[in-house]
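S.K.: Go ahead and model the full structure; you've got the sequences and the hints to work with.
There are 2 protein chains.
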Amino acid sequence: MTSDTSVPESGPPANGLPRRAGIADVAARAGVSVGTASKALNGRGNLREETRARVRAAAEELEFAPSTVARSLLTGRTFTVGIITTDSYGRFSIPIMRGAEDALGLGEMLAFLCDSRDDPIREQHHIKRLLERRVDGIIVAGRRTDARQPVGRNLPVPVVYALAPSADESDISVTSDEPGAARLAIDHLVRTGRRRIAHITGPHSHASSRVRADSTVEALRAHGLELVGDPWFGSWSEAWGRFAVAQLLRSDPDVDGIFCGADVIARGATDALRESGASLPMQVGVVGVDNWVISAEAARPPLTTVDLGLQELGRRAGELLIAAIDGSPAPGLHTVPGHLVVRES
Amino acid sequence: MTSDTSVPESGPPANGLPRRAGIADVAARAGVSVGTASKALNGRGNLREETRARVRAAAEELEFAPSTVARSLLTGRTFTVGIITTDSYGRFSIPIMRGAEDALGLGEMLAFLCDSRDDPIREQHHIKRLLERRVDGIIVAGRRTDARQPVGRNLPVPVVYALAPSADESDISVTSDEPGAARLAIDHLVRTGRRRIAHITGPHSHASSRVRADSTVEALRAHGLELVGDPWFGSWSEAWGRFAVAQLLRSDPDVDGIFCGADVIARGATDALRESGASLPMQVGVVGVDNWVISAEAARPPLTTVDLGLQELGRRAGELLIAAIDGSPAPGLHTVPGHLVVRES
DNA sequence: GTGAATCGGACAAACGGTTTCCTAAGTTTT
DNA sequence: AAAACTTAGGAAACCGTTTGTCCGATTCAC
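Chains as they are written, first to last, in our numbering: chain Z, 31 to 375; chain C, 31 to 375.
Because the hints were derived from the structure by calculation, they are not lab data.
Small disclaimer: the values here were computed from a predicted structure and weren't measured.
Wrong hints could be hidden among the right ones.
Derived coverage of chain C by chain Z (criterion: at least 3 residues anywhere in the stretch with Cβ under 8 angstroms from a Cβ of chain Z; other residues may be distant) [stated by the list, open to error]:
hint, segment
1, 62 to 68
2, 98 to 106
3, 141 to 150
4, 155 to 168
5, 185 to 191
Using 20 angstroms as the maximum straight-line C-alpha spacing, the simulated SDA-like pairs for lysine to any residue come out as follows [as the list claims (entries may be wrong)]:
hint, chain 1, residue 1, chain 2, residue 2
6, C, K158, Z, Q179
7, Z, K69, C, T105
8, Z, K158, C, L92
9, Z, K158, Z, Q179
10, C, K158, Z, F142
11, Z, K158, C, G137
12, C, K158, C, D201
13, C, K158, Z, A100
14, Z, K158, Z, T175
15, Z, K158, C, R101
16, Z, K158, C, L47
17, C, K69, C, T105
18, C, K158, Z, E138
19, C, K158, Z, E91
20, C, K69, C, L92
21, Z, K158, C, A100
22, C, K158, Z, L370
23, Z, K158, C, F109
24, C, K158, Z, K158
25, C, K69, C, G52
26, C, K158, C, F109
27, Z, K158, C, D201
28, C, K158, Z, F94
29, C, K158, C, G137
30, Z, K158, C, E162
Ideal Cβ positions, reconstructed from N, Cα and C, are used throughout, including at glycine.
M.R.: Dropping the structure here:
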């Protein structure tokens, strides 16, 4: 074997950055052809073990890292997906992204992050740029459970919708089990002896508010109970929680359980209850939704709440996308179950 | 011109996904060679305007989207960067990512998102995968302002450290202006007539706690004032804020201003003050740090707080990275200033 | 010792664009 | 009308890797 220099010699260093070794450098150093080097490193072809070892050693010494872009060009796969979030990395997209990254990481895929800021134009722009980059698939993560318009027809790659399902039922969507969340909350309240239960939640314009409210009534009925008063639709804020509780205590002072549509509302509710002199959780039980640790653990008392399983939802979205990429799409609306996190409220 | 079929005809559709048109299809449809089609679309070469138009029309009809992976192979640039966050998309990395995406988007770059979960092994793994994908650069976003070990020596691409600066001063780092943040808070308290000011902050083990505490003392001195008592080091939590205020009111009942090292602490502090019967902001002024809207706006009263400019920091990191990629690295520690957000506390 | 089977590795095509070089017209000059 | 320029567009090289084909050299059977 002709002894080569240990560093790739020619080519412009230009900037201060070190030059990258290519497979040609490795092959030269190991004294074989490029094709042989490739086979040696990928376990293909018929090669003597000694040759393989020699090539591996050369690759090691040169810190050879094969360019996936060259490989992609050949195979048509980039092992790359795009995640488009409409939520500016807010409360919902964060756990979804985490879960998705988990699932994708197992498939050795990396995710491009795109924040559409809920602007359809930005969204289209991102889709275009993702397709130019030949991503293998796209996840569209929403911020509400209301159905949304599909991101495009006849895209050349599979798309999975997370949280906000696509209006087109032949698309692949994953969302949270809203009725189940309401049941978990009500079952817990009833199990802990509450009988006069009220419901304070977000805007009536949000699908999840309406669905949860309906499911709450249903879940109570299954226990032979009626909701105390009507559901209190308002906003996703502590102030609304406080205000609604103040009103509630006037109209129904004997309430002993409150199911809140969000942790922030529940936190406002507990504050108002406490300040009205009620002792928690003895007198009134409160259950929230989100298990948003920041709110739930800082509340007094710490909130019992329904975790919607958003991270699991993200993971599921990643898995469904990978399946679709591999040729087994599972169209339709999938749901992931939530679970109750019992704290002290 | 020989009239072609409007869709690329040959090749395996295989899956249900539509086939993608390549530049060869465009060229065929426009009745020119591949090279000419490329020139027409990129505004190169000497072509009749009529030819360009014909090619553009063909590209349009075929929804041609040039593969950046092919282009990258040739140019060596992928217009792609990696963002490694140690923070599981927490409070700090979110605004940083937003800012970085802003800056990178202007350069038509897309970002791979990698969550290292503060695990050096995961981090190295991500670095390796990013380099295989030939990213043009890497942003490493930390979660504290303590300096950290560099992510590797002699990497073939530029790296910018955000929030947590690299211990190697020849690396490129951006962090927040901690002393400036303390000054903003103290100046505001003094300007609104406070004279007996205390400081409640996070763990002594965090650089930002120590730096802010020292700078607080200094800023007070500049006004001819002394800190009331010692800085209260504790944890970044509401419970600590409440506890510290309870103690503080016993040791120094005449305190009229509190600078808290975080909004969560400040929120705990305002709760404890309010519950002790103090009227806010008349009797005691409170200033936090973070401008974390969720905490700051839900507090009673809404918190006046120092915004560390994390989104701006992310943007700056993106800009510095782009500059380094373009051959003009700016090594050293850069800082971005914060600003005061005045609410009612 | 000869032919067949096996083995190890070189060679070249391919992926999808961009770019450089070159040629065949058309246009101007003398 | 021939020489000198322009102009428009084609042919081919190139980027870095994988992979199928093919060929020379051993080894084996007879």
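S.K.: None of the hints should be skipped; say for each whether it holds.
M.R.: Consistency of the hints with the structure:
Coverage of the segment 62 to 68 of chain C by chain Z is violated. Counting CB-CB distances below 8 angstroms, 0 residues qualify, and the rule asks for three or more. Requiring three or more residues with a Cβ within less than 8 angstroms of a Cβ of chain Z, the coverage given for the segment 98 to 106 of chain C holds, as 5 such residues are present. With a threshold of 8 angstroms between beta carbons, the proposed coverage of the segment 141 to 150 of chain C by chain Z holds, since 5 of its residues qualify and at least three are required. Three residues within the 8 angstroms Cβ limit are the bar, and the segment 155 to 168 of chain C against chain Z gives 7, so the coverage statement holds.
Counting residues of the segment 185 to 191 of chain C whose CB falls under 8 angstroms from any CB of chain Z gives 4; the rule of at least 3 is met. Restraint check for K158 of chain C and Q179 of chain Z: the C-alpha separation of about 38 angstroms exceeds 20 angstroms, so the hint is violated. With a C-alpha separation of about 26 angstroms, the suggested pair K69 of chain Z and T105 of chain C falls outside the 20 angstroms cut-off, and the hint is violated. Restraint check for K158 of chain Z and L92 of chain C: satisfied, since their Cα atoms lie roughly 14 angstroms apart, inside the 20 angstroms limit.
At roughly 17 angstroms between alpha-carbon atoms, K158 of chain Z and Q179 of chain Z fall within 20 angstroms of each other, so this suggested pair holds. For a cut-off of 20 angstroms, the pair hint linking K158 of chain C to F142 of chain Z stands: about 17 angstroms separates their Cα positions. The straight-line distance between the Cα atoms of K158 of chain Z and G137 of chain C is roughly 16 angstroms, inside the 20 angstroms bound, and the hint therefore holds. With a CA separation close to 19 angstroms, the supplied pair K158 of chain C and D201 of chain C stays within the 20 angstroms bound.
Straight-line distance between C-alpha atoms of K158 of chain C and A100 of chain Z comes to about 16 angstroms, which keeps the hinted pair within the 20 angstroms bound. Of the supplied pair hints, the one linking K158 of chain Z and T175 of chain Z is violated, its CA atoms being roughly 25 angstroms apart against a limit of 20 angstroms. Only pairs whose Cα atoms come within 20 angstroms are accepted, and K158 of chain Z paired with R101 of chain C is accepted, the gap being roughly 16 angstroms. For the hint pairing K158 of chain Z with L47 of chain C, the CA-to-CA distance comes to about 16 angstroms; that is within 20 angstroms, so the pair holds.
About 16 angstroms separates the Cα atoms of K69 of chain C and T105 of chain C, which keeps this hinted pair within 20 angstroms; it holds. Between K158 of chain C and E138 of chain Z the alpha-carbon distance is near 12 angstroms, which keeps this suggested pair within the 20 angstroms criterion. For the hint linking K158 of chain C to E91 of chain Z, the alpha-carbon distance of about 16 angstroms falls within 20 angstroms, and the restraint holds. For a cut-off of 20 angstroms, the pair hint linking K69 of chain C to L92 of chain C stands: about 17 angstroms separates their Cα positions.
Proposed proximity of K158 of chain Z and A100 of chain C is supported: the alpha carbons are some 16 angstroms apart, at most 20 angstroms. This hinted pair does not check out: K158 of chain C and L370 of chain Z have alpha carbons roughly 39 angstroms apart, beyond 20 angstroms. Between K158 of chain Z and F109 of chain C the alpha-carbon distance is near 15 angstroms, which keeps this suggested pair within the 20 angstroms criterion. A C-alpha spacing of about 27 angstroms is found between K158 of chain C and K158 of chain Z, which places the hinted pair above 20 angstroms, so the restraint is violated.
Taking the CA atoms of K69 of chain C and G52 of chain C, the gap is near 15 angstroms; set against the 20 angstroms cutoff, the hint holds. Straight-line distance between C-alpha atoms of K158 of chain C and F109 of chain C comes to about 18 angstroms, which keeps the hinted pair within the 20 angstroms bound. Annotation: proposed proximity of K158 of chain Z to D201 of chain C is violated, straight-line Cα distance about 35 angstroms (limit 20 angstroms). Between K158 of chain C and F94 of chain Z the alpha-carbon distance is near 11 angstroms, which keeps this suggested pair within the 20 angstroms criterion.
Distance restraint check for K158 of chain C and G137 of chain C: the Cα-Cα separation of roughly 24 angstroms exceeds the 20 angstroms cut-off, and the hinted pair is therefore not satisfied. Taking the CA atoms of K158 of chain Z and E162 of chain C, the gap is near 24 angstroms; set against the 20 angstroms cutoff, the hint is violated.
Checked against the numbered hints given earlier, this structure breaks hints 1, 6, 7, 14, 22, 24, 27, 29, 30; the rest are met.
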